[in-house]
Amino acid sequence: MTRSTGRVVPAHPDVRSHLASHRYTGDEIYALVSRLYPMCRSITGAGLRETLRVIQEIIPIEIHEVATGTTVFDWKIPKEWAIRDAYIANKSGARVVDFQQSNLHVVNYSCPVDTTLSLNELEPRLHSLPDAPDWIPYRTSYYNEDWGFCLTQNQRDGMADGDYRVVIESELFDGSLSYGELCIAGTSTDEIILFAHCCHPSLCNDNLSGVAMLTLLAKAISTVRLRHTIRFVFAPATIGSITWLSRNQKTLQNIRAGLVASVLGDAGKFRYKLSGQDDALIDRASTHVLEHRYPDFELLEFSPWGYDERQFCSPGIDLPVGRLTRSPNGEYPEYHTSADDLDLVAPQYLAESFEVYLEVIGCLEANRTFVNTSPQGEPQLGRRGLYGKMGGFQHIEDIKLAMLWMLNQSNGQRSLLDIAQRSKLPWQVLDDAARMLEENQLLREVANGKDGLGQ
Amino acid sequence: MTRSTGRVVPAHPDVRSHLASHRYTGDEIYALVSRLYPMCRSITGAGLRETLRVIQEIIPIEIHEVATGTTVFDWKIPKEWAIRDAYIANKSGARVVDFQQSNLHVVNYSCPVDTTLSLNELEPRLHSLPDAPDWIPYRTSYYNEDWGFCLTQNQRDGMADGDYRVVIESELFDGSLSYGELCIAGTSTDEIILFAHCCHPSLCNDNLSGVAMLTLLAKAISTVRLRHTIRFVFAPATIGSITWLSRNQKTLQNIRAGLVASVLGDAGKFRYKLSGQDDALIDRASTHVLEHRYPDFELLEFSPWGYDERQFCSPGIDLPVGRLTRSPNGEYPEYHTSADDLDLVAPQYLAESFEVYLEVIGCLEANRTFVNTSPQGEPQLGRRGLYGKMGGFQHIEDIKLAMLWMLNQSNGQRSLLDIAQRSKLPWQVLDDAARMLEENQLLREVANGKDGLGQ
Amino acid sequence: MTRSTGRVVPAHPDVRSHLASHRYTGDEIYALVSRLYPMCRSITGAGLRETLRVIQEIIPIEIHEVATGTTVFDWKIPKEWAIRDAYIANKSGARVVDFQQSNLHVVNYSCPVDTTLSLNELEPRLHSLPDAPDWIPYRTSYYNEDWGFCLTQNQRDGMADGDYRVVIESELFDGSLSYGELCIAGTSTDEIILFAHCCHPSLCNDNLSGVAMLTLLAKAISTVRLRHTIRFVFAPATIGSITWLSRNQKTLQNIRAGLVASVLGDAGKFRYKLSGQDDALIDRASTHVLEHRYPDFELLEFSPWGYDERQFCSPGIDLPVGRLTRSPNGEYPEYHTSADDLDLVAPQYLAESFEVYLEVIGCLEANRTFVNTSPQGEPQLGRRGLYGKMGGFQHIEDIKLAMLWMLNQSNGQRSLLDIAQRSKLPWQVLDDAARMLEENQLLREVANGKDGLGQ
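Protein chains in written order, with the numbering used here: chain V, 610 to 1064; chain F, 610 to 1064; chain W, 610 to 1064.
Calculated from the structure, these hints are not laboratory results.
Hints are not guaranteed to be accurate.
The list treats identical chains as interchangeable, and a pair is accepted whether it falls inside one copy or across any two copies.
Unchecked claim - Simulated crosslink set (SDA-like; lysine to any residue; CA at most 20 Å straight-line):
(1) LYS1009 <-> GLU940
(2) LYS1033 <-> GLU940
(3) LYS828 <-> ASP1027
(4) LYS1033 <-> LEU908
(5) LYS1033 <-> SER737
(6) LYS688 <-> LEU781
(7) LYS1009 <-> TRP914
(8) LYS998 <-> TRP914
(9) LYS688 <-> SER779
(10) LYS688 <-> ARG856
(11) LYS1009 <-> ASP1027
(12) LYS685 <-> ASP783
(13) LYS859 <-> SER983
Whole structure, please, built from the sequences with the hints as guidance.
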């Protein structure tokens, strides 16, 4: 387990302070997306490893290597894939499909080939999108040794009958699968896990957006005093989360909440997909934050189809991990095509995603449980300077209403987030109210409160 | 308890196989309705007994006779009713109302009478429908010794002042109440009960439709290998179900699900009325089947008014018995009139009803409970040939999604029907998925699973 | 505890009998509002005491006095306030703001002052409503020794620059806080509490409407034989309910249901605000009554902002007390202004409120729990003369349907109110059905049934 032990005193006393003192433009996130874009990633290999090293320049992740053949639950780590070049050349030697132009042109994990085939023989190896004739699709063959090429429909239509030279200079060999991990210690071992898959080649929204956003989020978080321990994992989809889970079974019990971060750079509205538990702390926190900041967000029921939440929410793991995306997998036309490029994502959207994630963490951090120390009737707030001096007005300010809610509901059984959900007030106002009442000894925090985390 | 013991090996391994290999036209059901239509049924007597004998030609029901005066719960079996003739004749001797024209003309269970009355004296004994002047209403006086005539409003308006000869050649005598029963044994004693009231005279939708549909359903079911034992009961309304319940108290505990089958031949949309338990297995199965096949169906809350579900759902019986009809009692204008005739019902609607019943039974039969034997993360389906070889596509096929759902949700606590409801996939696809996963040892069936029925 | 012990035999056997035999015009309630209107009430003092004495002329309330300085939970009884005169006079001596014209002109609880100030110096002490230039606002300063004047915006705009004589002839002294209480004993000690705040000066809807309605309700109730003990409390807002609660802690456990009665005289639709328990008996009874009588009523979620339900529903008290109003606090423009006068309220609306309160009490009184003594199947109602003699009709009368519901649902666990909610029939019809079935020994009342109250 990686723990940053030598941390200097954080610049911010809590997440709200960080949120209050920064304006996020998303430029830094977008720059990281742009830097990582050209690399040919896969579920193993040099592109993946190089991606993790770039992240390591920004945050001190530990890079783990798990050897080919290692058993991880029902799976085995596959051979490592290397790719140097790949092309289809016509009889005049011109490359009509060229890996150097786009690393999507080769079916990911293709085995080596060097042969000449007629167009007719080649056809079953070609993948294109008739309905989007300018886009190259993204196809993979991780666990079935095979090869193929992806190309635009226009390219395909331009290929004349005749023979073609077909070359894939790749290698499948005993190597390792790489993933990166950073654990930022809080005062409690109760843990929030944030996961981004980082195995896709030149695709921006899916999922350089998640990778880059989480990287900069970790950087920001590291300047904050935290109650929860926050763990960041960058790993290949499916096999990566399965690998991480199988190697960390003993400490999974520390995880109180988690999010799978993906598809966070496009203009689509936010979507929160419920964890398999349906009403977990993370489900309530994410929903609450989005309801107040992006009321047009969409709440998606849990389903075992999607990203790595499938593994976190499998019945033998059953962790409270949701998924917070913008346009989710399969729900935007550019999904898994060359059109998921640097134009599809924008700094503004990345910044919004960053702030939502930071707010969810802030909400979890603020989510304490209290008892009202003066529970019979309302305590006299005016005497303590917590209430207006003059009475009779039609409306009550939010902060005063929040104090009344905290006092009324704090019986040691309900958390601040429960009260936020019932009162429909944002968590920040209730947090302010709680602090003022705590200072006046009208609320007392309960250790090991309803949603976990003691003091 | 009747058990067909000497059954030959069934032609179909399960209900799905029967469903897959037949096209149901409803002609056979309609023919049975037509054959039974002319008989003058009542809650006892020759018409009822003859109806049961016709059913017995098709399926081997046992016909039970319960003697007049027998106590059945709070009731007593009434005297048996026989009716030979009945008419109102004018002074020239012409029959203006004639039982030979329609057996609805006499109030059902009328006692004998032979007298002459002025029209004025006769008036209180006449029943007609001013708003439907061509239709004869259906009226009964089972438990209050009385007599009367039903006629069209037009007939009534045509009756001149003066004296009328009034004759009812009926008899009320110590006899018996008849009902029919067939029990088709499954591998388990867990039981599904299907009930149709068969006491109404010449009325087609209510309830020759239910009687005939259940008869042919029993015939079809008898060619299928079953897990549940399925019991068919044909009995008079109210007194019949009360009689059956009072005589079978010791084995009621075997009943896991049941349906009252009535009003199944008209063009109306399907209505499912919840059992008194509201969320019983039969409620979930019927709702699920109708949601997928007839999404415009109507879900009705339980109420103690209606057909024989009133008795099955009485507080001292409290069985999980719902009611699956098309236009339910009182909700179609022809209800309990001579217009509920052979034109109101049609083979097509009877066939649809037949298929829905068969599907509900199929769903109950397929409703097993499993544990995922590889619950940590998803098992590698590709290795077992259960998943596509190539990855990267936008959409997933239903059968693969169904496998993911079955794996994700099968913790030994949730039944296939639970998973069908949560996933919104039809039960058949989940059944296919379950079988494939079971063959690959990825699911293991749980004995005595959530919804009853072990292996 | 006050108990009217010497009550004569009540004129009515139950609340339904009272409801059936009276037509309520609201004139008597409106007359009481008019009589109390001119008095200058506050949370202590002569106006409050005089108000209680007027109520005492109508119903035998006991008037309690609690001395200044007494600790009541987190609060202390404040000094008593007396006010004789108050005005602002211009340099020619003419009163431009005059307490004799409206007791709203002085900030309630103002301390004495006698000085001369320039308009500029006076400004911070003046309160007006720019958006409602004809109305005087109502302002208070109970717990912060201060003074001020309320006036119309028009008055304020008419004040020329220059010096003004400012006089408030008030006194703050060690005295007492007054409240009134009447307890009408039922056959059970199970209690319903009805509370009206009576501290506001010349404001009609808030809350002379509640004060007068409850007074006449108590008068009416005292002619009825009751199962519940019914307690009426007339006290100042907040400090009054806190005082009452702190002095009656030992008997609070008797309270089964309660309502805060306020804002009951305007034309607004009814609003029921749920108790903090959300699904308490009073929540279900009030909702049920309003659903049938005023289907356009609005159901409000619980919130710790509002009237004295804040104190009854505080976490250390947690009583099942809801609030039944017409336009609630802050929701009508005239709230806490001089426009909340005798024109805003009308006898008709007061009468409707009176009837709704009486019906809620009637519903609670009728809310018994039964067991069906013949629970297997339906009992034969016809034999007992409880059912129609002739059968076959499309529709069933409400009273017969109610009998079937009572029989079907009465398993000793469900109350009449539960059955009313499920059946959607009004409680009165179910009460009629229950009585008929009880007479026929088909239902037997359960002592200490589901919702409290034994026989």
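Results of checking the hints against the structure:
| no. | hint | result |
| --- | --- | --- |
| 1 | LYS1009 <-> GLU940 | between (43 Å within a copy, 18 Å between copies) |
| 2 | LYS1033 <-> GLU940 | between (30 Å within a copy, 19 Å between copies) |
| 3 | LYS828 <-> ASP1027 | neither (30 Å within a copy, 44 Å between copies) |
| 4 | LYS1033 <-> LEU908 | both (17 Å within a copy, 17 Å between copies) |
| 5 | LYS1033 <-> SER737 | neither (49 Å within a copy, 32 Å between copies) |
| 6 | LYS688 <-> LEU781 | within (6 Å within a copy, 89 Å between copies) |
| 7 | LYS1009 <-> TRP914 | between (44 Å within a copy, 10 Å between copies) |
| 8 | LYS998 <-> TRP914 | between (57 Å within a copy, 17 Å between copies) |
| 9 | LYS688 <-> SER779 | within (12 Å within a copy, 91 Å between copies) |
| 10 | LYS688 <-> ARG856 | within (19 Å within a copy, 70 Å between copies) |
| 11 | LYS1009 <-> ASP1027 | within (18 Å within a copy, 37 Å between copies) |
| 12 | LYS685 <-> ASP783 | within (12 Å within a copy, 80 Å between copies) |
| 13 | LYS859 <-> SER983 | between (42 Å within a copy, 18 Å between copies) |
Of the numbered hints given earlier, the model fails hints 3 and 5; all others are met.
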